[in-house]
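Visitor: Each chain, written out:
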Amino acid sequence: MSGFGNAFSSSIGKKFIMGATGIFLILFLIVHAGINALIFLDDQGLTFNIGAHFMATNWIIRAGEVVLMLGLLAHIFQALRLTLQNQKARPVKYAEYDGKANSKWYSRSMGLLGTLLLIFLVVHLKDFWVVSRFTGIPTVDANGHEDLYAVMKIKFQEPLRVGVYVLAMVSLCYHLLHGFASAFQTMGWNHSKYNGIIKGAGVWYSIIISIVFAAMPIAIYFGIIQ
Amino acid sequence: MSTGNMNLTLKVWRQKNNNTKGALVDYKLAGISPDMSFLEMFDVLNEDLITKGEEPVVFDHDCREGICGMCSMFINGRPHGPKDLVTTCQLHMRSFKDGDTIVVEPWRAAAFPVVKDLTVDRSAFDRVIAAGGFISVNTGNAQDANNLPIPKMQADAAFEAAACIGCGACVATCKNASAMLFVSAKISQLALLPQGQPERYRRVQSMVAQMDAEGFGNCTNTGACEAECPKGISLENIARMNRDFASAKFISEETV
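Going line by line, the protein sequences match chains A and B.
Using the numbering used here, the letters of the first sequence map in sequence onto residues 1 to 226.
Using the numbering used here, the letters of the second sequence map in sequence onto residues 227 to 482.
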């Protein structure tokens with residue numbers, strides 16, 4: 001590795017890790033939302049369960065899951081390191097600081113939004129991932145696949161859980177509203193001909209992804225899909 | 227000497243030196259003219275203090291025409307006060323209302339230690355420049371300037387980056403006290419021109435390393451620096467610096 005020097009330990013290198021893992025997680029969310037949206041076919045989750053079965057059994061996906069976990073951990077670890085350093089960079093705080101005059105609140109609150117998402121992730125992984133990978137899905141559907149959809153239906157009968165999921169998606173939306181375009185800027189992909197497209201795509205992506213996810217517990221709780 | 231009619235309450239940060247703790251001290255000012263600059267208002271305050279036998283407030287200033295980068299002051303939560311694209315010396319009291327309370331603090335960053343009151347030591351910026359913010363030229367006759375054709379767009383972008391006066395407002399306003407806007411402007415003004423090419427990748431690595439060593443924070447792309455910069459330096463420069471840094475570390479075979 002000689003020659004790369006402080007490529008990743010320097011301030012810009014650490015930003016590269018945040019940006020690159022962020023883009024990786026953004027891509028993952030598309031796959032996650034896409035497969036989960038199969039529940040909206042309203043076929044008792046038969047198609048969704050095919051997707052879930054594939055994701056649980058295909059070895060490339062399982063290997064990808066390890067990479068995903070590593071990417072997520074890198075994103076969290078790096079964020080903690082950067083936050084601690086940033087706090088050290090201003091030991092005496094301002095008595096008066098008018099943040100809203102020059103930046104969006106969510107761009108200044110990525111740590112808070114990220115922490116909320118992390119708490120949500122613990123709940124979420126326990127709800128579905130642990131069940132699907134470790135403790136086992138109790139029932140099978142008409143196709144003989146593990147009925148992950150049935151697990152969803154049971155979990156989303158609880159109003160508290162539905163509330164937590166929907167609020168978490170609000171956090172996700174704001175986290176992405178800043179994170180999407182910010183990742184491009186960090187990677188150096190700033191170009192007058194594409195900046196508008198990146199910003200616009202970021203806003204659309206954040207809103208659509210969050211709505212698609214939030215619609216799932218809502219639709220199940222209110223019996224809009226069976 | 228002032229002929230105005232504004233009454234103000236100032237809350238000014240007073241700190242003896244970097245080893246002592248500071249505090250906000252209240253001062254009442256009467257008869258301030260709306261046509262005064264913010265620094266002239268401070269001159270009035272200091273004359274009052276001197277007359278009363280008190281220690282005047284120490285603050286940085288030099289040209290008082292918005293081009294030297296010496297004046298600072300974090301005014302009501304914003305560097306150089308409430309107006310965009312101006313330095314404190316170009317800020318006028320008409321930007322405030324009669325009866326206002328104005329909080330004035332020094333730039334706050336670990337890399338900018340307080341010297342006294344509102345004056346901070348910004349020599350960290352000088353050391354970043356010394357680390358690579360220059361071009362090396364062998365002596366001899368100057369060649370004809372037209373030997374090096376430069377596209378207009380490129381020249382303009384370099385000029386815009388070179389407008390940075392190094393005042394430190396970007397560091398002061400950044401929630402992370404990051405110096406990336408300053409450093410990226412100083413890198414870009416050279417990276418965009420042919421004369422800057424021989425040392426381009428060496429420069430970005432040395433200057434970023436020095437910036438990190440000085441204890442500035444890390445950029446989180448909030449855009450506050452660009453919004454508060456009195457010279458309108460663009461975030462584009464930070465993206466360019468990041469690109470150049472990646473090229474230097476992962477593509478260039480030269481190591482620093």
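Since the hints were made in silico from the structure, they are not lab data.
Please note that the accuracy of each hint is not assured.
[To be verified] To spell it out: a stretch of chain B is covered by chain A in this simulated footprint if at least three of its residues, at any positions, have a beta carbon under 8 Å from a beta carbon of chain A; those stretches are: (1) 330–341; (2) 402–412.
[To be verified] Label pairs and their computed distance ranges (CB to CB): (3) A:104 - B:246: 34 to 40 Å; (4) B:372 - A:69: 54 to 60 Å; (5) B:421 - A:105: 39 to 45 Å; (6) A:121 - B:481: 38 to 44 Å; (7) A:199 - B:326: 35 to 41 Å.
[Claimed, not checked] A few chain A positions that, by computed beta-carbon distances, are all more than 10 Å from chain B: (8) 203; (9) 218; (10) 223.
Virtual Cβ for every residue (Gly too), placed ideally from N, Cα, C.
Visitor: Hints first: check each against the structure and report whether it holds.
Guide: For each hint, the structure was consulted:
{"no.": "1", "hint": "330–341", "verdict": "holds (count 5)"}
{"no.": "2", "hint": "402–412", "verdict": "holds (count 4)"}
{"no.": "3", "hint": "A:104 - B:246: 34 to 40 Å", "verdict": "37 Å, holds"}
{"no.": "4", "hint": "B:372 - A:69: 54 to 60 Å", "verdict": "59 Å, holds"}
{"no.": "5", "hint": "B:421 - A:105: 39 to 45 Å", "verdict": "43 Å, holds"}
{"no.": "6", "hint": "A:121 - B:481: 38 to 44 Å", "verdict": "39 Å, holds"}
{"no.": "7", "hint": "A:199 - B:326: 35 to 41 Å", "verdict": "36 Å, holds"}
{"no.": "8", "hint": "203", "verdict": "15 Å, holds"}
{"no.": "9", "hint": "218", "verdict": "32 Å, holds"}
{"no.": "10", "hint": "223", "verdict": "42 Å, holds"}
The earlier numbered hints are all upheld by this structure, with none contradicted.
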